[in-house]
Amino acid sequence: MSALFKFHGGVHPPTHKTESTATPITRLPLPARLVVPFRQHAGDAAIPIVKPGDHVLKGQLIGEPQGFVSSAVHAPTSGVIEFIGPHPVAHPSGLPDICAVLIPDGKESWIEKVSVDYRNTPIAGLREHLRMAGIVGLGGAVFPSDIKLRPLRGHSIQNIEVLILNGAECEPYITCDDMLMRERAAEVVRGGEILRFMLGAGKVLIGIEDNKPEAIAAMRAAVQAEGLPFEVAEIPTLYPSGSAKQLIRVLTGREVPSGELPTDIGVQSFNVATAYSVARCFEQGEPMLSRIVTVTGNVTQPRNYEVLLGTPIADLLAHSEPKTDTRGYLMGGPMMGTPLPSTDVPLVKASNCFIAMSDALFPAPPATLPCIRCGRCADACPADLQPMDLYWFARAKDFGKTQSYHLFDCIECGACAYVCPSHIPLVQYYRFAKSEIRAREQDKLSADRARERHEYREFRMEREKREKEEKLRAKERAAQATKPAATGEVPTASDAAAEAQRKIQDALAQAKAQAAEAQPRNTENLTPEQLAEIAEIEARRARIRELAKSDVEAPKE
Amino acid sequence: MAAFFSPFLSKPDTVSRIMLQVLLALLPGIAMYVWYFGPAILVSISLASITALGTEALMLKLRDRPVAPFLKDHSALLTGWLLALSIPPLAPWWLVVVGTAFCIVVAKHLYGGLGNNLFNPAMVGFAVLIISFPAQMTQWISPHGLGQIELTFADQLRYMFLGILPPNVTLDAITMATPLDTLKTHLHLDEPIRQILDMPIYGRLAGQGSEMVSWGFLAGGLYLMARRIISWHIPLAYLGTIFAMAGIFHLADPAHYVTPLFHWFSGAAMLGAFFILTDPVSSPTTHHGKLIFAAGAGLITYLIRAFGGFPDGTAFATLLMNICVPLIVLYTQPKIFGRKGRKP
Numbered sequence: 001m002s003a004l005f006k007f008h009g010g011v012h013p014p015t016h017k018t019e020s021t022a023t024p025i026t027r028l029p030l031p032a033r034l035v036v037p038f039r040q041h042a043g044d045a046a047i048p049i050v051k052p053g054d055h056v057l058k059g060q061l062i063g064e065p066q067g068f069v070s071s072a073v074h075a076p077t078s079g080v081i082e083f084i085g086p087h088p089v090a091h092p093s094g095l096p097d098i099c100a101v102l103i104p105d106g107k108e109s110w111i112e113k114v115s116v117d118y119r120n121t122p123i124a125g126l127r128e129h130l131r132m133a134g135i136v137g138l139g140g141a142v143f144p145s146d147i148k149l150r151p152l153r154g155h156s157i158q159n160i161e162v163l164i165l166n167g168a169e170c171e172p173y174i175t176c177d178d179m180l181m182r183e184r185a186a187e188v189v190r191g192g193e194i195l196r197f198m199l200g201a202g203k204v205l206i207g208i209e210d211n212k213p214e215a216i217a218a219m220r221a222a223v224q225a226e227g228l229p230f231e232v233a234e235i236p237t238l239y240p241s242g243s244a245k246q247l248i249r250v251l252t253g254r255e256v257p258s259g260e261l262p263t264d265i266g267v268q269s270f271n272v273a274t275a276y277s278v279a280r281c282f283e284q285g286e287p288m289l290s291r292i293v294t295v296t297g298n299v300t301q302p303r304n305y306e307v308l309l310g311t312p313i314a315d316l317l318a319h320s321e322p323k324t325d326t327r328g329y330l331m332g333g334p335m336m337g338t339p340l341p342s343t344d345v346p347l348v349k350a351s352n353c354f355i356a357m358s359d360a361l362f363p364a365p366p367a368t369l370p371c372i373r374c375g376r377c378a379d380a381c382p383a384d385l386q387p388m389d390l391y392w393f394a395r396a397k398d399f400g401k402t403q404s405y406h407l408f409d410c411i412e413c414g415a416c417a418y419v420c421p422s423h424i425p426l427v428q429y430y431r432f433a434k435s436e437i438r439a440r441e442q443d444k445l446s447a448d449r450a451r452e453r454h455e456y457r458e459f460r461m462e463r464e465k466r467e468k469e470e471k472l473r474a475k476e477r478a479a480q481a482t483k484p485a486a487t488g489e490v491p492t493a494s495d496a497a498a499e500a501q502r503k504i505q506d507a508l509a510q511a512k513a514q515a516a517e518a519q520p521r522n523t524e525n526l527t528p529e530q531l532a533e534i535a536e537i538e539a540r541r542a543r544i545r546e547l548a549k550s551d552v553e554a555p556k557e
Numbered sequence: 558m559a560a561f562f563s564p565f566l567s568k569p570d571t572v573s574r575i576m577l578q579v580l581l582a583l584l585p586g587i588a589m590y591v592w593y594f595g596p597a598i599l600v601s602i603s604l605a606s607i608t609a610l611g612t613e614a615l616m617l618k619l620r621d622r623p624v625a626p627f628l629k630d631h632s633a634l635l636t637g638w639l640l641a642l643s644i645p646p647l648a649p650w651w652l653v654v655v656g657t658a659f660c661i662v663v664a665k666h667l668y669g670g671l672g673n674n675l676f677n678p679a680m681v682g683f684a685v686l687i688i689s690f691p692a693q694m695t696q697w698i699s700p701h702g703l704g705q706i707e708l709t710f711a712d713q714l715r716y717m718f719l720g721i722l723p724p725n726v727t728l729d730a731i732t733m734a735t736p737l738d739t740l741k742t743h744l745h746l747d748e749p750i751r752q753i754l755d756m757p758i759y760g761r762l763a764g765q766g767s768e769m770v771s772w773g774f775l776a777g778g779l780y781l782m783a784r785r786i787i788s789w790h791i792p793l794a795y796l797g798t799i800f801a802m803a804g805i806f807h808l809a810d811p812a813h814y815v816t817p818l819f820h821w822f823s824g825a826a827m828l829g830a831f832f833i834l835t836d837p838v839s840s841p842t843t844h845h846g847k848l849i850f851a852a853g854a855g856l857i858t859y860l861i862r863a864f865g866g867f868p869d870g871t872a873f874a875t876l877l878m879n880i881c882v883p884l885i886v887l888y889t890q891p892k893i894f895g896r897k898g899r900k901p
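Protein chains in written order, with this note's numbering: chain A, 1 to 557; chain B, 558 to 901.
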């Protein structure tokens, strides 16, 4: 057993995990209709490739990935596509997104499942396979896994030393990874081996918090049974040990430098549920169609379900029988989750937990008082930040200062707000400051762009004016030159000059035509919709270029 | 809905509870005080409490702030108690009232109220009183068994509120200089330390009675540390610096400089180390900053005691170091995660 390391801070909120681990994972019966969003991952939405009325098979591709950061979407069961269009989704903004409504035929008839012999397939092909199977990180960030398996910038191969399987599950209430590891450890471990193979990593560490002894035992047994040299590390229960950078620190003692990626220090990490999906994908030929989700809190039947993606949350919640005093639901854990805007939204790849809230479980916090600079937040911060100073600057809208105090190193784990005796919603202030700074940068960018465009237009008009004048002068000169020719004199030196002038004119005209071609034409009289569309396409292109240039920031699993 | 934003859980810890714990931790020291100096201190604490709550409510009203939640945070009460514990227990009633009112009105609310005061409010009040009313501020009651006459509680009350002493009793008969003051006066008279410390006013470590009050504050301070209300940085650096300074001078010249332990258990050293310098609002937030801040305060305290014009220096040391807090915090920013070994 290698030595474990500590990260600064951390908190011990009540875990509330045992409520939902008493019953095995329950498979939810087929719902009457499924609503499958085309954006269930970080990045661009998949493009629908089916239309209303189409009959689809279970596992059939219905959304093709587009762009670099994107992933495929599949029909979770067989049935008929009823509708494709906007539908409310579980996004904090409450805005609808494009979804496919699927009416199951109840037959669960599969596409032809093709397993992949990963050891005898080119790695690039394996990555493409994962992308087309819709495999994304299931720890919450839903980042497409194929991108995290790509070689580093400037390298032809991966040079990852350590692969970490994240089974820490540090958020209170959530137990979906715990139950998955207890019941399906072998597949998790085999998925880990596939990921290790793809990365060429030498060492695999599986980090699990010590409040999950059953999962640790099951994973150790599975590692032994599979005969793999993985190490299952029992790490102290301390929120947020499941945050990627903190877990890397605990397991390897290395700190991911600020602004860099774990791969920059030779480490890559995946959630255990992602590893499980990878194993299902290659061994069974199954794309990502379902996930394990915890339903707990103020319900009579707290437990974990295996649920088809697209299942309406209301259906899922009904199975756990929320108590009558339930006043709302959280998606995700209580430390970083968000309130569910409505239960009329579908379950997606990111949905790991739903918590029914009651006043008894989530009492209203006491009134907010001024900060007394007690420093408990700084003692709790896993990023070694000074939350009281960041709060002060964010409140004063001194955004420059927030940045010099490293606001963007804040992982929004909520440990500071959890311990604050004045009950200040600190994380909200940081989010506000971050979004304000981003918006200002965006404004500055578009202002710069507008200025450049304006300057170019001035330059172009100036040039055209000049060219017109020159043309006019040339014409006059040509007219003068042709006069003597009309009188029947032999070509002279002035004729040669006119010839040269004409050639120059031709070349100029050609260059102008080329320039005009390169410039977008007919951009003067467009409708706002068209302009918006162009702006969106431009933004997407710019983003893709950005992504292709710099490596992408892979959020925590 | 209770909260709209994560986190949805919070530790059941409040400013009010923290302040209550600090008040609670003062009780052993107060008990010792009552035992050795009589119940008059309880009267000044009560007076200070009433004044603190009254002026706090008034200022909140004037500043158009909600009164009830702020009164319940117990911070004004704590300021009042700390001031009452810093001034002579037999002080006339108006001294306590004026001092406390100044703490709350000027040092706290004119700076923006809870969380915004640059200076420790209780020490501002103390400094104002000792400069404005030096005579009243030196009328320290003699410890139990040392005075020529001991006043009854009724007599004490009569003196505090009406300024009337029993017939044939002079003020000198019931008060005496503090151990630090006595030491200073007699050292000026070129008496050797050994001889001075043989005076009946001195006990085992420092002043008779007052050393026991210090023990009480030490016990309360350790309780606060155990409950993690305060961290070890400030008490350790403050007492450590006093110990080191006193130790060096005592070793170099034991005839003129008292032992480190004498300094620890005299005056406001213990109260300052655990209850005054540790005020979160007016002390640095960074751990390194706390060490520098408290070491500076320890140094100034010792210099004032050994070479300055006042017998004790905790209050001035606190105020002087309060001025330095923003600078100390600026230069002691910790390295953050992922930036260790790099420029911050």
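Mixed in with the good hints, there may be bad ones.
[Said to hold, decoys possible] Only pairs whose alpha carbons sit at most 25 Å apart, straight line, appear in this in silico DSS-like list of lysine-lysine:
hint, chain 1, residue 1, chain 2, residue 2
1, A, Lys323, A, Lys17
2, A, Lys17, B, Lys629
3, A, Lys444, A, Lys434
4, B, Lys741, A, Lys6
5, A, Lys401, A, Lys468
6, A, Lys434, B, Lys629
7, B, Lys618, A, Lys6
8, A, Lys471, A, Lys512
9, A, Lys397, B, Lys892
10, A, Lys397, A, Lys444
11, A, Lys401, B, Lys568
12, A, Lys512, A, Lys468
13, A, Lys107, A, Lys51
14, A, Lys475, A, Lys444
[Said to hold, decoys possible] A few chain A residues facing chain B, derived, Cβ under 10 Å:
hint, residue
15, Ala3
16, Thr21
17, Pro24
18, Ile47
19, Arg150
20, Phe197
21, Ser258
22, Cys374
23, Ala378
It is worth saying that the hints were derived from the structure and are not from the lab. Where is the CB? At the ideal position from N, CA and C, for every residue including glycine.
Checklist entry - Given the proposed pairing of Lys397 (chain A) with Lys892 (chain B), does the C-alpha separation stay at or below 25 Å? => result Holds - the C-alpha atoms of Lys892 (chain B) and Lys397 (chain A) are around 24 Å apart, at most 25 Å.
Next on the checklist: Just to be careful, I want the Cα atoms of Lys475 (chain A) and Lys444 (chain A) compared with a cutoff of 25 Å; is the pair within it?
Outcome noted: Distance ~46 Å between Lys475 (chain A) and Lys444 (chain A) Cα, so the pair is violated.
Checklist entry - How about Ala3 (chain A): closest beta carbon in chain B under 10 Å, or not? => result violated, 18 Å
Item to check | 25 Å Cα cutoff - pair Lys471 (chain A), Lys512 (chain A) | outcome: holds, 13 Å
Next on the checklist: Hinted pair, alpha-carbon criterion (25 Å max): Lys434 (chain A), Lys629 (chain B). Please report holds or violated.
Outcome noted: Violated: Lys434 (chain A) and Lys629 (chain B) sit about 34 Å apart, past 25 Å.
Item to check | Interface hint compliance - Pro24 (chain A) to chain B, C-beta minimum distance less than 10 Å | outcome: It is violated, given that the least Cβ distance between Pro24 (chain A) and chain B is near 27 Å, above 10 Å.
Item to check | Closest C-beta approach of Cys374 (chain A) to chain B relative to 10 Å, hint status | outcome: Holds - the Cβ of Cys374 (chain A) comes within 10 Å of chain B, reaching about 4 Å at its closest.
Item to check | Pairwise hint evaluation, Lys6 (chain A) against Lys741 (chain B), where the allowed Cα distance is 25 Å at most | outcome: Answer violated: Lys741 (chain B) to Lys6 (chain A) is near 51 Å, above 25 Å.
Checklist entry - For the hint on Phe197 (chain A), does the least C-beta distance to chain B fall short of 10 Å? => result violated, 29 Å
Checklist entry - Can the restraint linking Lys323 (chain A) and Lys17 (chain A) be considered satisfied, given a maximum Cα separation of 25 Å? => result Within the cut-off at roughly 18 Å; holds.
Checklist entry - Does Lys444 (chain A) pair with Lys434 (chain A) here, judged by a C-alpha cut-off of 25 Å? => result OK: Lys444 (chain A) and Lys434 (chain A) at ~15 Å, within 25 Å.
Item to check | Status of the Arg150 (chain A) interface restraint (C-beta, 10 Å, chain B) | outcome: With a closest approach of 22 Å, the Arg150 (chain A) hint is violated.
The structure shown violates the earlier hints numbered 2, 4, 5, 6, 7, 11, 14, 15, 16, 17, 18, 19 and 20.
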